[in-house]
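Undergrad: As numbered in this note's numbering, residues 1170 to 1312 make up the sequence shown, in order.
These aren't lab readings, by the way, just hints derived from the structure by calculation.
Ideal Cβ positions, reconstructed from N, Cα and C, are used throughout, including at glycine.
Do not take every clue at face value.
[Claimed, not checked] Using C-beta positions, here's what the derived DEER-type ranges look like:
no.: 1; residue 1: 1178; residue 2: 1287; range: 18 to 28 Å
no.: 2; residue 1: 1226; residue 2: 1179; range: 17 to 27 Å
no.: 3; residue 1: 1179; residue 2: 1250; range: 18 to 28 Å
no.: 4; residue 1: 1232; residue 2: 1196; range: 15 to 25 Å
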Amino acid sequence: MAGGVEAQLSALLGPLRRAVLRRTRVLEGLPDLPEAQIELLRLLVSQDGLAPGRAAFELKVAQSTVSNLVRTMADLVDRVPSSEDGRGVVLVATARAKELLARYDRASASMLRDSLAKLSPEDQQVLESAVPALRRLLFVLDE
């Protein structure tokens, strides 16, 4: 692969993410949810619900994007009245959404474990050693 590490990472990240999602969905028989919906569900589960504006801020998207996502996720996201403001709402992941995410996480971890086992011990060690640096890169990118 030509180019510096930045070009190589840029070229690999999207296909790697899509491959993990695709294989996990197929192996576990999960619905074909767009990545944006999965990201919103992960956020709602981790925060036990959020106002739409806060969800948009956390995801770094426009509030209209969150509204459009929620509109297509009727069985995965509930809109409940805010306890702080009677006019506002809080987005909450449904029990079905939590179950789907748990299934995805289990299947994804299992699939990655099996796939990593097919690599050489040296490659496995390199990938394990890279995880902390990738976390730090994500933090820098999110700043």
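Undergrad: State, for the Cβ atoms of residue 1178 and residue 1287, whether the hinted interval 18 to 28 Å holds or is violated.
TA: Holds: the Cβ-Cβ distance is about 22 Å, inside 18 to 28 Å.
Undergrad: Given the hint of 18 to 28 Å, is the C-beta distance from residue 1179 to residue 1250 inside that range or not?
TA: Given range 18 to 28 Å: violated, Cβ gap about 43 Å.
Undergrad: Between the beta carbons of residue 1226 and residue 1179, is the distance compatible with 17 to 27 Å?
TA: Check passed, 26 Å falls within 17 to 27 Å.
Undergrad: Is 15 to 25 Å respected by the C-beta to C-beta distance linking residue 1232 and residue 1196?
TA: Violated - the Cβ-Cβ distance for residue 1232 and residue 1196, about 35 Å, lies outside 15 to 25 Å.
Hints 3, 4 from the earlier list are contradicted by this structure; the remaining hints agree with it.
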